[in-house]
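2 protein chains.
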Amino acid sequence: MKIAVLGGTGRIGEGLACRWAPHHEIYIGSRDIEKAKNAACGYACQLTDRGIDCRIDGTSNKEAVEKADVVVLSVPYDASLELIECLRPVLKNQIIISLVVPMKKNRWFEYTPPEEGCAALRIQHMLPGISVVSAYHNLSFKKLCNFDLEIEGDVVVCGDYEGAKKVVMNLTQEIRSVRPLDGGPLRESRMIESLTPFLINMAIRNGLSDLGVKFV
Amino acid sequence: MKIAVLGGTGRIGEGLACRWAPHHEIYIGSRDIEKAKNAACGYACQLTDRGIDCRIDGTSNKEAVEKADVVVLSVPYDASLELIECLRPVLKNQIIISLVVPMKKNRWFEYTPPEEGCAALRIQHMLPGISVVSAYHNLSFKKLCNFDLEIEGDVVVCGDYEGAKKVVMNLTQEIRSVRPLDGGPLRESRMIESLTPFLINMAIRNGLSDLGVKFV
Numbered sequence: 729m730k731i732a733v734l735g736g737t738g739r740i741g742e743g744l745a746c747r748w749a750p751h752h753e754i755y756i757g758s759r760d761i762e763k764a765k766n767a768a769c770g771y772a773c774q775l776t777d778r779g780i781d782c783r784i785d786g787t788s789n790k791e792a793v794e795k796a797d798v799v800v801l802s803v804p805y806d807a808s809l810e811l812i813e814c815l816r817p818v819l820k821n822q823i824i825i826s827l828v829v830p831m832k833k834n835r836w837f838e839y840t841p842p843e844e845g846c847a848a849l850r851i852q853h854m855l856p857g858i859s860v861v862s863a864y865h866n867l868s869f870k871k872l873c874n875f876d877l878e879i880e881g882d883v884v885v886c887g888d889y890e891g892a893k894k895v896v897m898n899l900t901q902e903i904r905s906v907r908p909l910d911g912g913p914l915r916e917s918r919m920i921e922s923l924t925p926f927l928i929n930m931a932i933r934n935g936l937s938d939l940g941v942k943f944v
Numbered sequence: 729m730k731i732a733v734l735g736g737t738g739r740i741g742e743g744l745a746c747r748w749a750p751h752h753e754i755y756i757g758s759r760d761i762e763k764a765k766n767a768a769c770g771y772a773c774q775l776t777d778r779g780i781d782c783r784i785d786g787t788s789n790k791e792a793v794e795k796a797d798v799v800v801l802s803v804p805y806d807a808s809l810e811l812i813e814c815l816r817p818v819l820k821n822q823i824i825i826s827l828v829v830p831m832k833k834n835r836w837f838e839y840t841p842p843e844e845g846c847a848a849l850r851i852q853h854m855l856p857g858i859s860v861v862s863a864y865h866n867l868s869f870k871k872l873c874n875f876d877l878e879i880e881g882d883v884v885v886c887g888d889y890e891g892a893k894k895v896v897m898n899l900t901q902e903i904r905s906v907r908p909l910d911g912g913p914l915r916e917s918r919m920i921e922s923l924t925p926f927l928i929n930m931a932i933r934n935g936l937s938d939l940g941v942k943f944v
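Chains as they are written, first to last, in the working numbering: chain A, 729 to 944; chain B, 729 to 944.
Be aware that one or more of the hints could be misleading.
Remember, identical chains collapse to one label, so a pair may be satisfied in a single copy or spanning two.
Below, in silico cross-link-like pairs of lysine-lysine (DSBU-like), each with a Cα-Cα straight-line distance of 35 angstroms or less [said to hold, decoys possible]: (1) Lys820 / Lys790; (2) Lys790 / Lys894; (3) Lys832 / Lys894; (4) Lys894 / Lys833; (5) Lys832 / Lys820; (6) Lys765 / Lys870; (7) Lys765 / Lys894; (8) Lys832 / Lys763; (9) Lys942 / Lys894; (10) Lys790 / Lys765; (11) Lys942 / Lys870; (12) Lys765 / Lys871; (13) Lys790 / Lys763; (14) Lys871 / Lys820; (15) Lys942 / Lys730; (16) Lys870 / Lys894; (17) Lys763 / Lys820; (18) Lys894 / Lys871; (19) Lys942 / Lys833.
These are computed hints drawn from the structure, not numbers from a lab.
As the structure is a prediction and not an experimental result, all values here were calculated from the model.
Using the sequences and the hints given, assemble the complete structure.
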């Protein structure tokens, strides 16, 4: 499968790209092509050093999307809306995976959903007919980026298109020790999005860091 | 410590009562005193059979509250509001622990918070000056009631009174293999309350049951 990771120079993007690279073609997208190429090169080196064959390229967001079957949106909320506007002409049948969480920080982090109820629904409304799936908001990026650690987290996957949701659940299953869970329709993304600032605040309050979630 | 468990004839009430009974005096409260007495007797027998000394009595909700330092509200949302009205005259310095989740069921469960934002804030507004703490919404009652199982869950505790929150976190720590986490002020209870219907729905969708939550 060909996977574009937009915001792929960030930590979660890095983690997902590296976890999927042994089995898929990865395109790291960024506004800054040089940055995307450098990141892709760095990830490929990490994997090669571990004896893992892979194909990771860095390119522009637009070109990454044109080549992809699946597009991972791992960018801040405001940037994601601008990006989607720019990408609309090259979106056809790709599955969009939203990791987007609208939040602001005062003393603590606060979830600030749009009037649609959550970021994923806002993105879906901007892209009628395109399969938007919401997932990977609450994965510990430190664990995702460290291949020697067991992640032991759950990934809740929400979406209104069952086929697309199934593709994302299968991609999730490929990440060692991560369990995909069907979270229901896209509107339920509100819960997993709002967990993100809650987890950050709770980590700060309790002297923890980089919390993910597991349903036991 | 003297702990009243209102709704103590339900499963979560049973679990908490039995877990705390070895170290505290427990008063099971119910509208139906006979039912409360029978439940208390049953719980005490379970513990005695395991060689654990305990004191668990069944009584009316009002008498249970009069005797208690800590009052656990383990009743449905609508019933909790009526109950609080009745109990107001006997509430003094007790700490109220709200397990209350306002939700309705159509095809799926849906969180239906009051205009205050969550049940715990509604209850706090009804009881100015009383320490309301929100906790234990997402504990697996099957694991809580089965002393041979490791619960391995986290309990998020929210409240605006730091002293009362500390008491509840200490009580939580006494439950084997459960970790208390400070969830912040009472308004954050919205997150842990709304997780309840989400977890029930997710359990149904994924062929699981009785899900709790752990932050990893």
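Under the constraints set out in the numbered hints, which ones does this structure not fulfil? none
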